[in-house]
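A.B. asks: In the numbering used here, the protein residues as written are 5 to 180.
It is worth saying that the hints were derived from the structure and are not from the lab. Any given hint could turn out to be false.
Below are the DSSO-like pairs computed for lysine-lysine, each with C-alpha atoms no more than 27 angstroms apart in a straight line [claimed, not checked]:
id	residue 1	residue 2
1	LYS78	LYS100
2	LYS100	LYS153
3	LYS78	LYS37
4	LYS100	LYS37
5	LYS100	LYS87
Beta-carbon label-pair distances, calculated as ranges [what the hints assert, rightly or not]:
id	residue 1	residue 2	range
6	TYR17	ASP85	31 to 41 angstroms
7	ALA152	ALA20	31 to 41 angstroms
8	ALA152	GLY93	19 to 29 angstroms
9	GLY174	ALA20	23 to 33 angstroms
10	ASP94	PRO168	16 to 26 angstroms
11	ARG129	ALA152	12 to 22 angstroms
12	PRO173	GLU56	32 to 42 angstroms
13	GLY126	THR86	21 to 31 angstroms
14	PRO111	ALA15	35 to 45 angstroms
15	ALA15	ALA152	37 to 47 angstroms
16	GLU23	ASP94	34 to 44 angstroms
17	ARG21	PRO134	12 to 22 angstroms
18	GLU23	GLY174	39 to 49 angstroms
19	ASP22	GLY174	37 to 47 angstroms
Given the structure is predicted, the values throughout are model-derived calculations rather than measurements. No residue lacks a Cβ here, since even glycine has one placed at the ideal position from N, Cα and C.
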Amino acid sequence: MATVVEARAQAGYSLARDEGEAFWLLGMLQTVKVGRADADGRFGMLEIVVPEGLGSPWHVHPEEDEWFYVLDGKLTFWVGDTKFELTSGDFAFGPKGVPHTFYGSAPATRALVGFSPMQFEGFMRTVGQPAPERVLPPHHDGPPPNVAKLAPIAERNGFIILGPPGPPPGQPRGEA
Numbered sequence: 005m006a007t008v009v010e011a012r013a014q015a016g017y018s019l020a021r022d023e024g025e026a027f028w029l030l031g032m033l034q035t036v037k038v039g040r041a042d043a044d045g046r047f048g049m050l051e052i053v054v055p056e057g058l059g060s061p062w063h064v065h066p067e068e069d070e071w072f073y074v075l076d077g078k079l080t081f082w083v084g085d086t087k088f089e090l091t092s093g094d095f096a097f098g099p100k101g102v103p104h105t106f107y108g109s110a111p112a113t114r115a116l117v118g119f120s121p122m123q124f125e126g127f128m129r130t131v132g133q134p135a136p137e138r139v140l141p142p143h144h145d146g147p148p149p150n151v152a153k154l155a156p157i158a159e160r161n162g163f164i165i166l167g168p169p170g171p172p173p174g175q176p177r178g179e180a
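Please model the entire structure based on the sequences and the hints provided.
C.D. replies: Structural data, given as structure tokens:
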């Protein structure tokens with residue numbers, strides 16, 4: 005008999021807005037909508053809630069494309085030296101091999117993040133904490149992540165951390 009995950013990969017499935025395994029990671033709420041096992045690793049999708057001013061470390065995925073679709077709020081997304089200010093309904097693509105980062109530019113920005121193939125999930129499960137409720141983690145305004153500690157975990161999960169959260173080196177947060 006097939007497991008629930010195997011059945012999902014073979015027959016499809018749906019999740020309601022408040023369904024999916026949720027994690028607190030780097031001050032954000034991240035909910036798995038399509039996990040690695042759900043689509044045989046071909047792709048994955050998370051729903052994220054990002055507080056204003058927080059986001060990912062500057063990083064690159066050698067073998068994984070990443071995309072963002074903003075549902076509510078505003079997200080600043082850097083791909084290389086190009087800055088995109090995304091609002092509800094906007095989309096951005098970060099191809100594999102190109103350094104990128106993102107951060108919330110409005111309170112509690114909600115977005116979908118896709119990966120192809122899905123490698124990031126291992127990092128989220130290792131570093132993140134299961135979220136007991138679907139709210140931003142307490143103390144999400146704490147110190148920035150220790151990228152030196154996160155780097156080896158990231159590399160084991162398909163991406164390389166290049167620096168702290170925020171725009172690329174030499175670019176101020178508020179300008180392109």
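A.B. asks: Run every hint past the structure and note whether it holds.
C.D. replies: Hint check:
Only pairs whose Cα atoms come within 27 angstroms are accepted, and LYS78 paired with LYS100 is accepted, the gap being roughly 23 angstroms. A threshold of 27 angstroms between alpha carbons decides the hint, and for LYS100 with LYS153 the separation of about 23 angstroms falls inside it, so the pair holds. Among the hinted pairs, LYS78 with LYS37 is consistent with the structure: their alpha-carbon atoms are about 21 angstroms apart, no more than 27 angstroms. With a C-alpha separation of about 21 angstroms, the suggested pair LYS100 and LYS37 falls inside the 27 angstroms cut-off, and the hint holds.
At roughly 17 angstroms between alpha-carbon atoms, LYS100 and LYS87 fall within 27 angstroms of each other, so this suggested pair holds. With their beta carbons about 39 angstroms apart, TYR17 and ASP85 fall inside the hinted range of 31 to 41 angstroms. Distance hint for ALA152 and ALA20: a CB-CB separation of about 39 angstroms, consistent with the stated range 31 to 41 angstroms. Distance hint check: the CB atoms of ALA152 and GLY93 are about 37 angstroms apart, inconsistent with the given range 19 to 29 angstroms.
Taking 23 to 33 angstroms as the suggested C-beta distance range, the pair GLY174 and ALA20 does not conform, at roughly 44 angstroms. Checked against the hint of 16 to 26 angstroms, the pair ASP94 and PRO168 passes, with Cβ atoms roughly 25 angstroms apart. Checking the proposed 12 to 22 angstroms range against ARG129 and ALA152 shows it holds: the Cβ atoms sit about 21 angstroms from each other. PRO173 and GLU56 have their C-beta atoms about 22 angstroms apart, which leaves the hinted 32 to 42 angstroms range violated.
Distance hint for GLY126 and THR86: a CB-CB separation of about 28 angstroms, consistent with the stated range 21 to 31 angstroms. Between PRO111 and ALA15 the Cβ separation comes to about 39 angstroms, which falls inside the hinted range of 35 to 45 angstroms. In this structure the hint that ALA15 and ALA152 lie 37 to 47 angstroms apart at CB holds, the actual value being about 43 angstroms. Look at GLU23 against ASP94: about 25 angstroms separates their beta carbons, and that is not inside 34 to 44 angstroms.
The hinted range of 12 to 22 angstroms is satisfied by ARG21 and PRO134, whose Cβ atoms lie roughly 19 angstroms apart. The given range of 39 to 49 angstroms is respected by GLU23 and GLY174, whose C-beta atoms sit roughly 42 angstroms from each other. One distance hint, 37 to 47 angstroms for the beta-carbon pair ASP22 and GLY174, holds here, with the actual separation near 41 angstroms.
Figure legend: structure checked against the earlier numbered hints; hints not met, in rising order: 8, 9, 12 and 16.
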